[in-house]
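Taking the hints into account, I'd like the entire structure generated from these sequences.
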Amino acid sequence: MNTLRLALKMLRRDLAAGELRVLLIALVVAVASVATVGFFTDRVRSALNGEATRLLGGDLALIADHPIAQKFLAAATRNGLKTANVTTFPSMVSAGEGTALSEIKAVSSTYPLRGLLRIASARGADGSRSAADRDALGVPQPGSVWVADALLVKLGRQVGDAITLGNRQFTIAAVITKEPDSAFDYFKVAPRLLLNEADIASTGLIRTGSRVGYRLLLAGPPKPVEAFQMFAKANLGRGERLEGVRDARAEVRVALERAEQFLGLASLLSVILAAVGVFLVARRFMRREFDTCAILRCLGASQATLLSLYLLEFLVLGVLAGVVGCALGYGAQYALIKLLTGLIKAELPPAGWVPALQAFAVGLLVLLGFALPPLLRLRSVPPLRVLRRDLPIAEPSSAIAYLLGLSVIALLLLWKSGDMQVWLAVLGGVAACVVTSALLGWALISAAARLKSGTGVSIRYGLASLRRRAGSSITQIVALGLGIMALLLLTLVRGDLMNSWRNNLPADAPNRFVIGIQQDQVAELKKFFQTYGLGARGDAASRKQQPTARESAVPQSAEVELYPMIRGRLTTINGRPVVAESMSDERSRRLAEREFNLSQAIGLRSDNRIVAGAWWHAGDSEQLSVEEGIAKTLNLHLGDTLTFNVGGTMVTGKISNLRKVDWDSFKVNFFVIGSPGLFDNAPTSYITSFYLPREHEATINAMVQAFPNLSVIDVGAILDQVRSIADQVSRAVEFVFIFTLLAGLIVLYAAIVSSQDERMFEAAIMRTLGARRAQVRGTQAAEFVVIGLIAGVVAAIFASAVGFAVSVRILNLSYAFNPWVPLVGIVLGVVGVALAGFAATAQAVNRPPLETIRALG
Amino acid sequence: MKNDLPHLADDRRIIVSAEALGKRVATSDMQLTILTEVSFQVTEGEAVAIVGASGSGKSTLLGLLAGLDTPSSGRVVIDGADLSTLSEDACAALRGRLIGFVFQSFQLLPALNALENVMLPLELAGQRDARQQAQEILGRVGLAARLGHYPKQLSGGEQQRVALARAFVKRPKLLLADEPTGNLDAHTGQQVIDLLFQLNHERGTTLLLVTHDEALASRCVRRLKLVAGELVTSSEALAR
Chain A
86 MNTLRLALKM
96 LRRDLAAGEL
106 RVLLIALVVA
116 VASVATVGFF
126 TDRVRSALNG
136 EATRLLGGDL
146 ALIADHPIAQ
156 KFLAAATRNG
166 LKTANVTTFP
176 SMVSAGEGTA
186 LSEIKAVSST
196 YPLRGLLRIA
206 SARGADGSRS
216 AADRDALGVP
226 QPGSVWVADA
236 LLVKLGRQVG
246 DAITLGNRQF
256 TIAAVITKEP
266 DSAFDYFKVA
276 PRLLLNEADI
286 ASTGLIRTGS
296 RVGYRLLLAG
306 PPKPVEAFQM
316 FAKANLGRGE
326 RLEGVRDARA
336 EVRVALERAE
346 QFLGLASLLS
356 VILAAVGVFL
366 VARRFMRREF
376 DTCAILRCLG
386 ASQATLLSLY
396 LLEFLVLGVL
406 AGVVGCALGY
416 GAQYALIKLL
426 TGLIKAELPP
436 AGWVPALQAF
446 AVGLLVLLGF
456 ALPPLLRLRS
466 VPPLRVLRRD
476 LPIAEPSSAI
486 AYLLGLSVIA
496 LLLLWKSGDM
506 QVWLAVLGGV
516 AACVVTSALL
526 GWALISAAAR
536 LKSGTGVSIR
546 YGLASLRRRA
556 GSSITQIVAL
566 GLGIMALLLL
576 TLVRGDLMNS
586 WRNNLPADAP
596 NRFVIGIQQD
606 QVAELKKFFQ
616 TYGLGARGDA
626 ASRKQQPTAR
636 ESAVPQSAEV
646 ELYPMIRGRL
656 TTINGRPVVA
666 ESMSDERSRR
676 LAEREFNLSQ
686 AIGLRSDNRI
696 VAGAWWHAGD
706 SEQLSVEEGI
716 AKTLNLHLGD
726 TLTFNVGGTM
736 VTGKISNLRK
746 VDWDSFKVNF
756 FVIGSPGLFD
766 NAPTSYITSF
776 YLPREHEATI
786 NAMVQAFPNL
796 SVIDVGAILD
806 QVRSIADQVS
816 RAVEFVFIFT
826 LLAGLIVLYA
836 AIVSSQDERM
846 FEAAIMRTLG
856 ARRAQVRGTQ
866 AAEFVVIGLI
876 AGVVAAIFAS
886 AVGFAVSVRI
896 LNLSYAFNPW
906 VPLVGIVLGV
916 VGVALAGFAA
926 TAQAVNRPPL
936 ETIRALG
Chain B
910 MKNDLPHLAD
920 DRRIIVSAEA
930 LGKRVATSDM
940 QLTILTEVSF
950 QVTEGEAVAI
960 VGASGSGKST
970 LLGLLAGLDT
980 PSSGRVVIDG
990 ADLSTLSEDA
1000 CAALRGRLIG
1010 FVFQSFQLLP
1020 ALNALENVML
1030 PLELAGQRDA
1040 RQQAQEILGR
1050 VGLAARLGHY
1060 PKQLSGGEQQ
1070 RVALARAFVK
1080 RPKLLLADEP
1090 TGNLDAHTGQ
1100 QVIDLLFQLN
1110 HERGTTLLLV
1120 THDEALASRC
1130 VRRLKLVAGE
1140 LVTSSEALAR
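First to last, the protein sequences are chains A and B. Using the working numbering, the first residue of the first sequence is number 86, and each one after it goes up by one. Using the working numbering, the first residue of the second sequence is number 910, and each one after it goes up by one.
Since the hints were derived computationally from the structure, they do not count as laboratory data. Accuracy of the hints is not assured; some may be wrong.
[Claimed, not checked] Rough simulated footprint, nothing fancy, chain B against chain A, three-plus residues with beta-carbon under 8 Å:
hint, stretch
1, 818–830
2, 841–852
3, 856–866
A virtual CB, placed ideally from N, CA and C, is assigned to each residue, including glycine.
The following block contains the structure:
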């Protein structure tokens, strides 16, 4: 108890003296960043778990890309389960002059089996949930529909108005205010329209090429549900899958896990930086405590007493940091949720205490791994130091000390990323960054120190000190470099990437896709396009044109090309069955499970390019042209034979060429194209894309009136949605990076402070020798400028490299070097270090030298 | 003050004048008085020892005389300049021009080697032949072979000699040294003492030395004895 009291007294003293304040702040930042992300993901996850049955709309769902087979319905009845049918597909709806794409959902009267639908009889004033909303009893009556508020806005209609869907007219009976299974639909192409299952046939919308999803919802006591599940599992066919409560919204879960991983790693970066800060402060603290320890030892304190004294002091500090950090994190997660507000529509339950515990543990681990090694040294201070001040101080540089810290970091990383590959990549990336900047720093410092001759005394002495303090100088460079790099990446580089991505799209690229065109509509539709002067412009050539040329171009309307589209599933490659489970990566698994959109063509399109093999000649048959990207993913080669199941018929062809396709052009393209005649007997619909000038929106209305079964997809709107999601997510990540930046600043401060004593002392000596303020400042400036300069250069190199890698490797864009990156990096580095450094050593030039020397002992 | 001792100003100029110097520091619960009403004068070329028990305020006095510290009361006049009227920066300039200071614990700059340490005061003053002068004086203190060594690589005695060379290299009018032999063995101490007085004779440098060392004190013309912060004697007669 005595030890505890003494430890608390020491802590109060050290905090008051500012000694450990930086350490406390570093720990608080680390804990807060982990807690913020932890609380956030915990809330979203428990929302997912809590609403699982509601999200599913039942206890179990059978999902298929074709109508549900009779055997499943029979099995459900046999087990006494309640069932509900859900059929979904996108379609155009119109009301008067307005048309809009809508997500149609036709449900049987039993829907939903779990959860509640809420509706209102009028729009809310602000467009959001109106005050008068209520639980929906049942589903829309035949002849009426319920729609999402967004659809009313798009069409300019109210409850009670008429709306046309396919061949039929309906009455809008209510506004949907809450749909049980859409709380996490953050990527919905179009607003919802709910109608009665009985009305679906009369719309005439379900035809070849319609993208229809079928869902059988089931609910009942656990035993029968389990029995059905057993039966269904054994009888699942192609394109059929079961979704239970546990894998409800699997795609949302996967997305959440990704986000969690990403945010987790971002928060971990701040933990790593904070750990470096903790280490620097603890080391300086240790050096200052050496005398105290030596004296205590002389007075008879045992090693154990000393150790427990300091351990207790730091433990109390860790607990303090944990409490403050968790509180901060709890507040900060609200900001995070606010930033992602459009993406999460569900009401989130309050956060649990597990994330707090985890963040707390992270704080203590960092303290243990990075403050303990220097502290352990204090234990072994020789009492003789009281007599001989110049007795060498043992540095905590033993391999064990660093190993402890490193393994703590490695452990945290593994826990946060969970994935060995990600773990290695991040660890490797950070290590490479640190090592490279350290080496670069070392090389540049050595080079700078060689500038000796021919410079003034201030600069020369500054450079000499820089080299002598190489260790701490390099630490400062690495820390500062990491901080500046994060800043550059988040501002300049990110902006550049977003801009070049945006500019990469031609202004007149196709912005509308039309799907579900029937064979007998092809000629009519072509005539329609001609009548309205619509053309598919924006081909490869116009992308290279100057903007002025593009603007002045006369709107010419090349004939709109309609492409045949056949849906087929890849069943065998070279006679071997394709088994999705055996595919190595997720993307190939998805491709193997999904239906391909196939096409056939006589000639090669001008915007596709052959990269291997040759296009077929007239008379060639049963040949396939495959897009090179998918060929790589599925490991397909020239000469391979592929068999597709097309509507029950097996169609086989041989790969005669590989094509390169410009997906960014937003034109219709296909992974696999067959030679003429290959898919002639298959059910075929047509697809096209065209550019619709903004002022011609009305044309779409005319098209939908003339061809009610066509779906017109507004690619521009989808693109905008993708962008806004990307913006929101990157803002959320940026928010977490604020902690990283804070931690970077702390390390910078700690690094500068760690050599502050030396600098002040040297300044005092120089003053004694007659150095004027300007000369002392000049010396320090030389040192600070070089450190800031090197850090800025290192940061600019890494930020540019990351920008280059992302744009070339991931976005497939040519990289344009931004000269502001190094400029801003260097200015930030130099000004930052100089300001912090001058502030830290101001006393040395402003008070009598002896005071400084005495204060530093 | 000037009228009190007119006879001393006849042939030799007064270079140091301490006038009623007092130094007090505030501790947590009380005011600690280190020096009280210390007054004396030193003329050019004199060698004066400041002696007294540990804690009597010797080092504090020396720091005040060099303008490294500010007195709580009284004033210091160096070569006619009242330090209390000078800014910190002007004080530094005056030190650069007139004063050499030798710290008890040498205080060499660890980033510079012996030669660079000695060159530093000359360079700070903007002198051109710094290297040559520094080499010469290091030769005088017997360190010609160790010019490129860093403080860490030098023994205590060698460091002390570099510190002396650094203090002397600018040919200061006034050399203030705090226990210049305190860290040295008798033999090395004697060497340092010889060096000090040799330079005193050759260059007419005024020496003001804080010391415990009887051998050193006995070489000085005059002793100033401090007891608990007060000057008890400053007579030539008591020097022996």
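| Checked against the structure, which of the hints given earlier come out wrong? | 1
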